[in-house]
Amino acid sequence: MADDTIQVKRRAGGSRILAWVRARLRNIAPFVTLIFLVAFFSFASPSFVTLGNFYNILTQISVTGIIAVGLTFVILCAEIDLSVASIANAIGIVVAFFTLQDASVNIANLPLPGWAAIMLALAACVALGLVNAFGITRVGIPSFIMTLAMLQIGAGICALLVRGQIAYAVPKLVVTLGSKSLGPIPWIVVVLGITLLLGHIVLTYTRFGRYVYMVGGNREAAEYSGVNVKLIISAVMVISAVCSGVAGMLGVAYFGSAQQDEFDTYLLDSISAVVVGGTSLFGGQGGIGNTIIGLFVLGVLNNGLDHVNIDSFLKILIRGVILLVALIINVYAQRMRATSAISDA
Amino acid sequence: MTPLLELRGVSKAFGGAIALREIDFVLGAGEIHGLVGENGAGKSTLMKIIAGVHTAYGGSMHLDGRPVHFASPRDALAAGIGMVHQELSAVRGLSVAENVYLGVQPTNRFGLIDWPAMMRGARGQLDRLGIDVDPAAKMDTLALGVQQLVELARVLFSGARIIILDEPTSALSPPEVQLLFAVLRRQRDEGRSLIFISHFLDDVLDICDGLTVFRNGSKVADARTAEVDKPWLIEKMIGHTHGELEESYTGALFLDSKPDAPVILRAEKLSLAGAYADVSLEVRAGEVLGIYGYLGSGQLDLARALFGKLPADRGRITIDGRPVKLSSTSRGRAAGVAFVPESRRAMLFADAPVFKNISISILRRIGRLLLHPAVERRIAARHTETLHIRPPGVDRALSSLSGGNQQKVALARWLTHLPRVLVLSEPTRGMDVGAKEDVVHIVRGLREQGIGIVVVSTEPETVLSLADRILVMKKGRIVREFAGEAVSKDRLLAAA
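Heads up: the sequence lines are chains S and C, in that order.
Sequence positions in the first sequence follow this note's numbering and run 37 to 381.
Sequence positions in the second sequence follow this note's numbering and run 434 to 929.
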């Protein structure tokens with residue numbers, strides 16, 4: 037009799053812990069993955085756990101990270117932006133286009149002062165973001181399709197401006213932020229940190245941030261609450277384009293050149309970072325904290341696989357598998373929340 | 434002579450709730466038989482048993498004198514029983530002919546769809562029904578009434594001898610109704626039997642040969658239509674002996690109008706294609722205007738127009754004398770209108786805590802740029818206390834509250850900074866008695882504070898318990914106003 041009671045209690049306690057874990061699965065799973073990866077690579081390779089390598093990882097995730105901040109806003113709204121890498125590439129090329137190039141570079145460009153080139157590049161990414169916003173909210177094109185078109189438009193801008201050439205020069209400020217260091221810390225990591233911090237503050241402490249979560253959580257309810265849903269979606273598309281533009285400019289300085297197709301891998305990487313981190317693809321759940329974890333999971337994985345002697349072709353497959361597992365957890369976590377949904381008459 | 438269809442002692446329960454009690458029902462050959470009763474009286478449940486949707490039930494069913502028990506709608510259709518649903522199940526993007534032949538398209542010897550044969554066959558079907566429509570026309574280009582006739586053609590084409598029509602006239606204009614009735618009468622004269630479910634008692638009395646009245650899961654009366662009239666039907670539907678709650682509504686209620694109070698909201702000649710036409714109304718300060726009508730009468734869409742969720746095509750709206758353009762919900766809110774829709778799912782954030790659900794509409798007033806969660810929590814705590822939201826605790830996820838408490842959270846959203854006009858759509862639907870009383874209490878309290886309130890409902894009880902003045906809508910138009918006079922449930926039903 038007494039034994040039974042104890043057992044029942046223990047089972048109840050167990051299910052409470054299980055419920056707690058289930059409710060936070062989307063936050064716990066990426067974190068556990070990260071710890072596992074760090075532990076694994078520390079064990080597998082003596083060169084992995086060093087301060088220098090830590091800075092390496094930070095630098096390697098910077099361009100992806102800046103793009104991922106903007107994408108976090110978009111995905112929280114239950115939309116998607118497939119044009120991020122393309123916009124980054126285009127804006128990197130735009131800023132180079134307005135910079136005086138070496139005589140050997142045969143591009144019909146318009147050299148302007150550095151500040152003017154940067155302002156024009158920023159204006160260009162705002163404009164591209166606004167086109168995305170217009171297509172999605174006014175015309176009513178699903179974001180998946182609209183930004184697919186923008187991906188192509190961005191590629192077109194790149195092609196037209198460089199015409200198969202490679203530009204090297206970018207404004208001095210961009211060179212500093214993209215490829216110089218502040219003491220031991222690369223400037224690009226500082227920019228990433230500031231972008232993440234700003235993104236977090238906006239999402240967590242501002243009215244706009246709350247609206248982003250609410251629009252993603254239940255768009256119809258946000259509308260019934262009097263939230264200007266179209267304005268919020270427009271804003272996140274512009275934020276995403278600006279983050280991509282900044283990442284594009286710094287990326288060009290980081291790579292040391294501006295050319296066609298050099299950001300192609302960043303689309304998948306930035307979406308992976310957001311989703312692996314646990315931000316819901318269905319909107320309304322997650323945040324910058326998740327994106328940080330996601331960035332580190334990807335960064336540690338990419339970096340760590342270089343430290344252990346592994347077939348570089350297998351690396352690609354492993355990344356794909358990790359993304360698939362993250363997606364499964366993402367959908368699974370969503371389904372468990374859905375079981376406790378609103379009862380409706 | 435054996436009746437075509439006979440049900441003996443049919444009962445059905447969902448969980449513990451009894452939906453049908455020992456129903457005997459007889460349908461003769463070549464008869465149009467009406468089923469009437471309030472929402473939840475059991476009409477739909479009975480029809481779903483006959484059509485093979487519900488397969489577990491007590492009692493027995495006999496077709497042509499032989500016992501039958503259908504395992505699926507397909508089974509019922511094979512036996513000659515077809516149903517035309519209220520929500521049309523036609524494929525809107527396909528042509529009329531494709532819809533008539535849905536699932537049974539004729540094929541040629543290559544196994545491909547034989548289009549000429551299909552068009553010819555559909556043409557023949559439609560001609561027999563007396564419907565003048567091009568078989569190649571896409572469904573969604575047709576008027577709703579014509580779509581309904583095409584669907585009827587599909588059911589007939591499948592060989593049905595018994596056709597169940599669920600609320601077939603609710604979306605039709607009077608000429609369309611007459612066209613439908615002509616078709617139905619011809620089917621009857623050819624020997625088919627029809628079961629006609631409707632809230633529109635005039636339509637039932639017009640078309641049916643016999644009828645059965647349901648109340649609370651029981652059959653309370655059946656009669657030949659020629660022997661009865663509308664007041665008799667209403668009396669049977671509502672009944673004389675009922676629970677305490679209904680008692681208070683069946684007695685006459687005197688509406689005390691406030692003709693001197695200033696008009697807050699005025700709508701002039703609002704129209705929305707397919708929903709409502711030429712609707713004019715005004716709401717005065719400290720007044721609750723009730724708008725009642727059956728489902729599909731247009732009042733739910735009208736309520737959305739007043740908030741900017743589903744703007745009207747034509748007409749104008751003024752608030753406090755100023756014309757406003759309610760083209761979006763954010764404009765509606767800015768103009769001082771608040772709205773609580775009939776679906777809680779549509780207006781609440783299940784995963785978010787209670788306080789975020791309450792503060793969402795007033796964030797702008799709490800801080801221009803930054804959030805102030807402490808203030809949000811304080812405001813939410815005040816509302817949960819005054820509205821008796823249980824369990825208390827503003828950090829609890831909304832989904833952990835019961836339906837009635839969720840509805841109160843939805844109301845609380847608009848109570849911190851009072852709107853000029855509050856529009857409530859089905860505010861007490863699906864609530865228990867206690868929660869309903871709480872809502873009545875809240876609405877009365879708001880009225881005392883001088884705002885204009887519009888209550889829109891398909892339930893007479895809701896309108897009667899809240900409104901100071903009642904408009905009755907029927908097929909998109911206001912057909913009756915009750916103001917400064919006695920009103921009761923039967924008068925309301927008689928007007929609709």
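Warning: the hint list may mix true and false statements.
[Said to hold, decoys possible] Here are the simulated PhoX-like cross-link-like pairs (lysine-lysine), alpha carbons at most 25 Å apart as the crow flies:
# : chain 1 : residue 1 : chain 2 : residue 2
1 : C       : K758      : C       : K702
2 : C       : K907      : C       : K742
3 : C       : K758      : C       : K742
4 : C       : K702      : S       : K266
5 : S       : K266      : C       : K907
6 : C       : K663      : C       : K702
[As the list claims (entries may be wrong)] From the derived model, a few chain S residues whose C-beta atoms are all more than 12 Å from chain C:
#  : residue
7  : I53
8  : A80
9  : L146
10 : L158
11 : V162
12 : V175
13 : V211
14 : S215
15 : V226
16 : T242
17 : R255
18 : D300
19 : L317
It should be emphasised that the hints constitute simulated quantities derived from the structure, not laboratory data.
Glycine is no exception: its CB is placed at the ideal position from the N, C-alpha and C atoms.
Okay, the hints, checked on the actual structure:
For a cut-off of 25 Å, the pair hint linking K758/C to K702/C stands: about 14 Å separates their Cα positions. Of the supplied pair hints, the one linking K907/C and K742/C holds, its CA atoms being roughly 22 Å apart against a limit of 25 Å. With a CA separation close to 12 Å, the supplied pair K758/C and K742/C stays within the 25 Å bound. A hinted pair counts as satisfied when its Cα atoms are at most 25 Å apart, and K702/C with K266/S does not qualify at roughly 29 Å.
Restraint check: the Cα-Cα separation between K266/S and K907/C comes to about 34 Å, which exceeds 25 Å; the hinted pair is violated. Note on K663/C and K702/C: the hinted pairing is violated, with a Cα-Cα distance of about 31 Å set against a maximum of 25 Å. The non-interface label for I53/S is consistent with chain C: the shortest C-beta to C-beta separation is roughly 18 Å, beyond 12 Å. The claim that A80/S is not at the interface with chain C holds, since no C-beta of that chain comes within 12 Å of its own (minimum 39 Å).
Non-interface call for L146/S relative to chain C: holds, since the shortest CB-CB distance, roughly 38 Å, exceeds 12 Å. L158/S, annotated as away from the interface, keeps every beta carbon of chain C farther than 12 Å; the closest lies near 22 Å. Every C-beta of chain C lies more than 12 Å from that of V162/S, the closest at about 20 Å, which supports listing it as non-interface. Against chain C, the non-interface label of V175/S holds: every CB pair exceeds 12 Å, the least being about 16 Å.
Interface exclusion of V211/S from chain C stands, the closest Cβ pair being 34 Å apart, more than 12 Å. With a cut of 12 Å on Cβ distances, S215/S stays outside the contact zone with chain C, its closest approach being about 35 Å. Separation of V226/S from chain C is adequate, the least Cβ-Cβ distance of about 25 Å exceeding the 12 Å criterion. Listed as a non-interface residue, T242/S fails to keep its Cβ farther than 12 Å from every Cβ of chain C; the least gap is roughly 6 Å.
Its closest Cβ contact with chain C, about 10 Å, brings R255/S to no more than 12 Å, contrary to its assignment away from the interface. Every Cβ of chain C is farther than 12 Å from the Cβ of D300/S; the closest lies at roughly 36 Å, confirming the non-interface assignment. No beta-carbon of chain C comes within 12 Å of the beta-carbon of L317/S; the shortest separation is about 15 Å.
Figure legend: structure checked against the earlier numbered hints; hints not met, in rising order: 4, 5, 6, 16 and 17.
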